[in-house]
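S.K.: Chains as they are written, first to last, in my numbering: chain A, 1 to 257; chain B, 1 to 128.
Hint data in this document are derived by calculation from the structure and do not stem from the laboratory. Hints are supplied without guarantee of correctness; some may be wrong.
Unchecked claim - With a cut-off of at most 35 Å between alpha-carbon atoms, the simulated DSBU-like pairs for lysine-lysine come out as follows: (1) B:Lys78 - A:Lys193; (2) B:Lys125 - B:Lys90; (3) A:Lys127 - B:Lys112.
Quantities reported herein were computed from a predicted structural model and do not represent experimental measurements.
In case you want the letters, here they are:
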Amino acid sequence: MTAPVSNEEDLDALFERVASERVPTVQAAAPASVQAAKTVEKDTNAVVAQTGDGSPPDIFDRIGKLTRNLHDALIELGYDKAVQSAVSTLPDTRDRLAYIANLTGQAAERTLGAIETAKPVQEQMQKQATELSAKWDRLLAGNMSLDEFKSLALHTNRFLHAIPGHTEHTNNQLLEIMMAQDFHDLTGQVIKKIVDLAQRLEGQLLQLLLETSATQQGGQPVDVNMNLNGPVISADGRTDVVTSQEQVDDLLGSLGF
Amino acid sequence: MSADLKFLVVDDFSTMRRIVRNLLKEIGYTNVDEAEDGAAALGKLKSAKFDFVVSDINMPNMNGLEFLRQVRADEQFKDLPVLLVTAEAKREDIINAAQCGASGYIVKPFTKATLEEKLVKIIEKMKQ
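Same shape as in the complex, but just chain A (with noise of 0.2 Å):
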């Protein structure tokens, strides 16, 4: 297996390395070790052999037998295969989106620390720069002594003298909020991925339902429309979902709130 490289010096020395070596037509051959986990097979064993030792025997004996006989169906409709790679997937899928609820909440609280670092600068060149031109117009206007001037010529060169700085950090704070959007393309890359493995999870687990269930009518289907679901993903053809701040307020309003 190889191991992500993490430490930036690490890396440079082996693509120096690496680089320096080069035979312009060697092609290394990427070594596929995929790795069949067989966790649910030994799952099913384990479940099966506990439920032996000291417990009322009745309905583990049954729960035992009901896994055994779901265990071998599976394997005597060839899906156990399936489902195991299906499976196994899980806790991958759960490390990406992991990764992803990481690197969003990361660029977010990045683009909020800049623009709180930011602001207070622009409202104090906002405040100094207006408390400046008010006294530039009373000048103008001809109300101010000899002294008030000299203290506003003053005041006005040490502003103008700040502003490269200040504007230089809020440059700074623009380009860390600019950085910070590099999360899109690093979690698209990941959420591709997790959609095809849904999507094969999904064609394992309804072709297994399908061979299983042909002969089982009726059952109440699953009501998976629960409340507080997080963000609509696609309100197409959806009429249980508003899209935008407006429908809120309509809806509200029709309810009389």
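We have chain A already, so just place chain B on it with the hints.
M.R.: Quick look at chain B alone, frame taken from chain A:
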């Protein structure tokens, strides 16, 4: 520094192309064109003269490594600097890129300082 170099930025995410374009501008390079994958980039390289390529690896259609191989296979581009900027952080990816003839390798997420440092290094090598 020769600030009139013409850059080609290759990435399938428009946000990342914009980030790289803006960083290049900050560093002092304003002559930048973009391509969304290796195939489009090859087309642009053949229709106009570029001095420097900054490319992603993981892209649909033609990925960055295949793009790099084709660039290096062409006599007129064999010395064209190609800096890879990618999220691929596995050792074998880095080794592969170096063997394919990459001029540099930056792992995302990266900073302006990192990009600038690699650019300067590669451009200095170009002059030799």
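S.K.: Each hint should be assessed against the structure and marked as holding or not.
M.R.: Cross-check of the supplied hints:
no.	hint	in the structure
1	B:Lys78 - A:Lys193	holds, 34 Å
2	B:Lys125 - B:Lys90	holds, 26 Å
3	A:Lys127 - B:Lys112	holds, 32 Å
Every hint, counting from the list given before, is met by this structure.
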